[in-house]
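Enquirer: Okay, here's what each chain looks like letter by letter:
Number of protein chains: 2
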Amino acid sequence: MNSNKRFTVVYSIVGTKKEALDKAKNICVEQTIEFPYDLVTDKYVKNTIVGRVESIKACGKKYMAAISYANETAGTELTQFLNVVFGNTSIKPGIRVEKLSPPAALLKKLQGPRFGMSGIRNLTGVYNRPLLCSALKPMGLSVKKLADLAYKFALGGIDIIKDDHGLANQAFSPFDKRIPAVCAAVKKANKETGATTLYAPNITADGLETIRRAKFAKKCGAGALIISPGLAGFETMRMIAEDNSIGLPIFYHPAFHGSYVVNPDSGISHYAFFGQLTRMHGADAVIFPNFGGRFSFTECECREIADGCKAGLGKLKPNLPGPGGGMTMDRIPYMKNFYGHDAVFLMGGGLFSSGKDITENCKKFRRVTGTIL
Amino acid sequence: MNSNKRFTVVYSIVGTKKEALDKAKNICVEQTIEFPYDLVTDKYVKNTIVGRVESIKACGKKYMAAISYANETAGTELTQFLNVVFGNTSIKPGIRVEKLSPPAALLKKLQGPRFGMSGIRNLTGVYNRPLLCSALKPMGLSVKKLADLAYKFALGGIDIIKDDHGLANQAFSPFDKRIPAVCAAVKKANKETGATTLYAPNITADGLETIRRAKFAKKCGAGALIISPGLAGFETMRMIAEDNSIGLPIFYHPAFHGSYVVNPDSGISHYAFFGQLTRMHGADAVIFPNFGGRFSFTECECREIADGCKAGLGKLKPNLPGPGGGMTMDRIPYMKNFYGHDAVFLMGGGLFSSGKDITENCKKFRRVTGTIL
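Residue numbers (my numbering), protein chains in the order written: chain U, 1 to 373; chain W, 1 to 373.
Simulated from the structure, these hints should not be mistaken for lab results.
Copies of the same chain are indistinguishable here, so a pair counts whether it falls within one copy or spans any two.
No farther apart than 27 Å at their CA atoms in a straight line, the calculated lysine-lysine pairs in the DSS-like style are these:
1) Lys-187 with Lys-219
2) Lys-46 with Lys-356
3) Lys-92 with Lys-61
4) Lys-57 with Lys-5
5) Lys-152 with Lys-188
6) Lys-43 with Lys-145
7) Lys-177 with Lys-145
8) Lys-109 with Lys-215
9) Lys-5 with Lys-46
10) Lys-46 with Lys-145
Extracted from the complex, chain U is given alone in its bound form (with noise of 0.2 Å):
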């Protein structure tokens, strides 16, 4: 829908037909100029700059309406961009940011995941299966104990290896040594398995030090990095996803996050939170609250994650979606049939209660996932 002068977002709105007009009528206004309509006396300022609602129609018990914006209120900063998204209309309850249409300035200038979908299987080497993501924990083992912990997992077949995005600096596992150890593990299993498994670090921490922490990584021979921008920002993880000394994948962990779309009447959609954001903000993966587990995500919602993982959005990639969050073996079968291939499935808990042996039991997930070790 978007003109090459004007770009389109579409908001769902709560109310009868007549209050959901007079409230996209707001938002023209609100995300713009926030200001009387009546006392502006600029031409440019009335005609161009102000919202436009381009169509409403019904949907459900809610309403949709897309609403155009000239492209120079944004500029290309993809913070004002949001910005005029939804930045005060973040704060009115019973609208919901369903859809982004950026203006394609702001798409040439991002770089998106730097490796994506298909980047992720030609550094793991998977191409015929969902692939396979466990995290080190629990929080308070020590790095030993994580090191011993991350070499199981690789010995069994597990693609991804994280940090909890609970493991940041503490005592019990202070950073500086937990990565060293913890790649040395890695390193150790995949010269025994002739696999590759990626160890992936939570770089998650205040300030530049998040940097740094990418960095140190990186040096230390991690393969990849999990970060939580609802905590260090989302400016701080497409910095990194788009820094070339560290050019490493980018696991993207929604801590904090959740508010944006926890209530289906406000805030944004899965499709455009999970998929089209993550991926402007250089994200390769999304770990997100799969259905049926400990969170209340539905089928519904996770299809929106996946879609928007994949949907078209300029020259950027599709990135790889990532449902965890109380997953266990016997779950597998319909999450593939569901998801298909192109995920990467992550089982934290599940993979410890289904026996002692966790190398095992890494092996039966594998198995169940599809491909015999």
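Fit chain W to the known structure of chain U by using the hints.
Expert: Okay, now just chain W, sitting in the frame of chain U:
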């Protein structure tokens, strides 16, 4: 409720008493070990690392659960503290963070507001009334028109003139041209009036450009800064607040942060989000939508914010609540009664709609706020 070894978070939880208690117990695990509790063998992990329900009691239709966590789960990192507080639980509906009692070691490490409420009073010389703020708008005006507007605001006795949060670096008003022009206009007016009106440019931008803009603004003679950490990142705001080479008061703007507060049963309370979190991240003043304007905040929620801005939080200074968003002259007496003197009143569009002479309108704003110019 903090011991010297554990810190406490109060959550409100939707459900029956039994459901609320079950959810509270789940939070204890989800926010720490994220691992089947019965499979934990390590005693330190089981007895210390896992969160503890310290109390749970009915409060209206919900339950308030106080949960304590070992200080070492967060260490002294603010991002990891927030991760323990609400990382994964942010993705679960029906649970809201109500109040934080951060570890003393973390509060000791943070600078908090450099100026805070009293520091901004010292900078502006305003002690006996609420401060007055207005915004340069609408988006789309040229640098010359914005500078002219700033001059008129300053002549009329506005204490703080901020960029509208939608002014970034667009072609119609590039940052590096706007800031020196508006600084010069405000300086000229200050010379004429003898007052010390502060100009707060909007520095929100992509990546490290936000920090560059802060430094550029300082160099141009800006008296304060406005930033939307929902876009640029809370950590970016904190870095700028704690940077001695910048050293300007920081005005927090809530753009793109609304999803955290807009639903009463999930996200984070107005008290904790606008009060406690903005102070931990160094904001000296907090712009938020006042009750009765274009937004939906209630009087009770605004009271929470004003309380959170000054409640005890280690050595962190109180910051200044900044209600705005659809304010008009006739509401000022009620606001003054509600907030008292310890606030900065933000009027944007309302200043334009009360007469053709903008400087006269500013003087009226000053008169109704309590001091004759």
